[in-house]
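J.: Combine both chains into one complex, guided by the hints.
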Amino acid sequence: MEILVCERRVPDTSENEIELNAAGNDIERDELVYSVNEPDNYAVEEALQIRDRVGGNVTVVTVGGEDDEEILRRELAMGANQAVLISDESFFDSDGRGIATILKDFVRKGHYDLILTGVQADDGAAQVGGMLAAMLDYPFASLVNSIEVEDGKLKVSREIEGGNRELNEIDLPCVLSIQTGINEPRYVGMRGIRQVASVPIPILGASELSTDHVMVGVAAARVKRIDYFIPASGKGAEILHGSREENADKVLELMAAKGGLK
Amino acid sequence: MDRIFAYIAHRAGVVDDSAMELLAAARKIDANAFPTAIVTGCGADLDTACNSLTPSFSEIWKIANDALAYPNAELVRQGLLSVLPRNCIVLLPHDHFSIDLAPGLSIKLDAAFVPDAVGIDGVEAGSLKLVRQEFGGQVSTHVRCDMSSGAVISVRPGAFKPEGKTAAAGTVIDKSSAVGALTARRRYIETIVAEAGDVDITRHNVLVSIGRGIQEKDNVSLAEELAEALGAAVSCSRPVVDAKWMEKSRQVGSSGKTVKPKVYLACGISGASQHLAGIKGNPFLIAINKNPKAPIFQVADVGIVDDVLEFLPELTNKAREMRGVAAK
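Taken in order, these protein sequences are the chains called A and B.
Read left to right, the first sequence gives residues 1 to 262 (this note's numbering).
Read left to right, the second sequence gives residues 1 to 328 (this note's numbering).
Same shape as in the complex, but just chain B (with noise of 0.2 Å):
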């Protein structure tokens, strides 16, 4: 087996949580398998990174460099490209960056390149059968990867599950000197938080969250009432967002917030892992849908297969009653 490599998110000297994920889907390739944990970064945090994976992998690669205090993807590349050997596996969190890095890397490393793997069935003959999914997790396919040139693996954060213990007592490995000057064309400036919005949704216990079967701007306001009756927020999936009926402040997802409330009440959401990403806390979840096959059911609590165009004036009215409150 070639040398598996765990690319190292890190944050203000705070290991990523993919970190352990990836350990256990480079055990899910060989289940003997010691991946090289590798970290870029530069200053006291990167050391600090470094040093918290000591237990976990027996080898760390540390790439320090000025130029990578932030992670830019095309000046990773160049360092990383400097210090991997030919045909080795690289594993990374399938994210915005690996997004940005993993498909450029793979070319230059000549390697094939599996984006966002959700699960590993093992080598057969020299080749690596994963799962992935398509059409928005509406149908998973098995592929079959050939790496006898090596492989670059996105994998989708959570969907290997960390193994409890590890004991690898590894030691950090200074790589720093084999990059050389790094020059990107492409310049980090700077970081633009997004705004707040007039509704936090991340401190709402009842969140009505409408997707694309809303179907139009004009009827959020179904959603706008339930919530209202129920003492609820109304927040969205990214569709919503995008056909810009609602602001970007209330979407739930990888790319919007993420909310912890008791009860999520999915309205014409599909169930997209995007979306599902941004649901935290495990909350009593709801799923009122009109395709049966939506992705939404396998992991809602309770499902109504319904038109969420007429179910939603009905709860509406249900609620004002239980409530005693009046229609407006």
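Here chain A stands alone, though its shape is the one from the complex (with noise of 0.2 Å):
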């Protein structure tokens, strides 16, 4: 089975407190850890699982510049079998659907049955996946959190509400985005990242891509980000001041107050 997973680099929100920049425009992203969207790492190991049951390939790709780099090669280390990095510079600020209009291109400049994204990155859209299987016009089912292959298609389970599993019949190809605890991410150390570190990651643009510049870019992007702010919140919490025993006190005594105490 000939598989892609699209992937993207995100701030590492385990690693990171996340903060406006002075001029509120942005976050601060100075000294911000970045790593792999953790659901398209899921999607990773999936596709390696999958291929190692059944055969074939995993290829990994993201749209973005050359820092984005640093995450093709810890896939490539986890086992994927190719890397390619999407790079244009008419590509920058596209809107989830010109990133997706990017994918569709390069999806049809191959051959591959099965396409997984993680089910979502940082801005929480979760619309990539959707709209690249609606260009191509294949079949998509989101939240995938379980995947048995059978004889041209796959038995998918998807999350639902409640911890419930939503177990559905989808043919080949197809795209599948991801949720996190499909599996069990396999650890990637810095000795793995050194062993591909020579492995050539190709670099493909517009042309290369055969893509249309109208379709992508931020003059075509119809949905754009105007800032980014900190809600008023409400009252908020009370925040306790006291020491750590202190503090333990309070909460037991609050608890008590609250009707959670026997």
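You may find that some hints are simply not true.
Said to hold, decoys possible - Pairs of lysine-lysine residues, derived as DSS-like cross-links and limited to a Cα-Cα distance of at most 30 Å, are as follows: (1) 318/B / 224/A; (2) 62/B / 28/B; (3) 258/A / 257/B; (4) 104/A / 108/B; (5) 262/B / 250/A; (6) 129/B / 104/A; (7) 244/B / 290/B; (8) 290/B / 258/A; (9) 235/A / 28/B; (10) 318/B / 250/A.
These are calculated hints, taken from the structure and not from any lab test.
T.: Listed below in structure tokens is the structure:
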């Protein structure tokens, strides 16, 4: 099976506190630690496990700049067969639709049975996979938390409300967006990354992909972010400023008052 | 203003709470809007759902088709595309179904797409200004959406307060004949109901709930010891389940359990909206997090800026003292 995984490099929220910059028009990006978007990493692991069961190749791709090469190299170290960086000045500041358009052009240059994305990235939009499927006219399933390969189709379950799962059959080729927790992504150490340091990662731009520049980039974006802000909160929590011991006493007192202790 | 449609979710004839929230959201786009409800399904349940909307919506478009008995996004999309006019605005609740349906629908309608809107600030020069959140709610953004060729907007459940009275005296219009044969390359098989698990967190008055801040599996015992001292149960947020530190049955949130305790102790939980969606009944919420900017502090009643790995053992000792429980 030929599998493509579309991924993105994002600020790692487990390593960073996200704050506004001084101008208030972006988050403070100095000294942010970036890593592969967490659901994307599960998607890569799932692709590798499927390949190891049924054969084939795993290609990882991202749309970005040269800094984004680090996540591709990380996924090569995990075991991906090849990696491609899509980068072109005319692609900068594309909206979700623009990114899906670029990926659609890339997919059409190759042949893939299965295309995976993470369910959502740092902006919480959960949109590129579904858009890409519609552009390719492939079937789509989101929030996928298990995949079984059958003949010419897959059996996938989706995460729905209340911890329940929705079981579906889906024809190939298709696009799936992968939810976290579907597997246990393998560990990648510095040694593994060094071993793939010399693997070439081709860079493709608008001309290689035959991308219509009218469809991508900031001019084509129908949805544009204007600013970042911290919303004026409601009353917010009453913060306890005592010592650890005093705070613990206070918590127990409050719990008793609120009927929480029998 | 182009016509606004509200996609109505329903189950067994009962319309989802989101229907009235979509009506409120439509009025934020246009104060005089009379959005059209659009309801898909089949049989008597569909009619019951449609009829229950007549006090609130002036027009209810019904799409009846046996293939739509279960809301399979691929089939629903085909149904909607058969009836929706060009350049319309489609509102729908942001949930596991809209994540399936909405992005592709926007492409097929050639419309802009804004997912998970939490606010709508109105229209300026043909574009709509909305509020979204990023980084799990740590920051908000304003976005501008060009609606010149229509828009698909999913709306966060609970973000738009339903208006009080409505008196639409609406009519149900049957649009079923506009929809041809529906065929799917993705077929619904069945719903697998979550396993009950060893502890039912929905039945406890006090929950000690842990998040990513617990850092590793071995530290889960800190929460278990506290819960035992308090006579409480341990629940958790999604990252703890993803890491396989606790069973799925312990997860609170939109993809986990909905709980209604009296006291909720959020320990090392950042406070993403998907987690908060699972906490109902307005419990007394105490948050412990070492990040003073964690969104959980905006919704908590009381906050303690501290490392849960240090604070929980202290609280456990105090609770044992107070309740006269000996340490094991």
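J.: So, for every hint listed, does it hold in this structure?
T.: Taking the hints in turn, this is what the structure says about them:
As the CA atoms of residue 318/B and residue 224/A are separated by approximately 51 Å, the hinted pair breaks the 30 Å bound. Between residue 62/B and residue 28/B the alpha-carbon distance is near 25 Å, which keeps this suggested pair within the 30 Å criterion. At most 30 Å may separate the alpha-carbon atoms for a hinted pair to count; residue 258/A and residue 257/B meet this at roughly 23 Å. Annotation: proposed proximity of residue 104/A to residue 108/B holds, straight-line Cα distance about 14 Å (limit 30 Å).
Only pairs whose Cα atoms come within 30 Å are accepted, and residue 262/B paired with residue 250/A is accepted, the gap being roughly 17 Å. Restraint check for residue 129/B and residue 104/A: the C-alpha separation of about 28 Å stays at or below 30 Å, so the hint holds. Only pairs whose Cα atoms come within 30 Å are accepted, and residue 244/B paired with residue 290/B is accepted, the gap being roughly 23 Å. Taking the CA atoms of residue 290/B and residue 258/A, the gap is about 24 Å. The hint holds against a cut of 30 Å.
Restraint check for residue 235/A and residue 28/B: satisfied, since their Cα atoms lie roughly 25 Å apart, inside the 30 Å limit. Between residue 318/B and residue 250/A, the direct Cα distance comes to roughly 10 Å. Compliance with the 30 Å bound is thereby established for this hinted pair.
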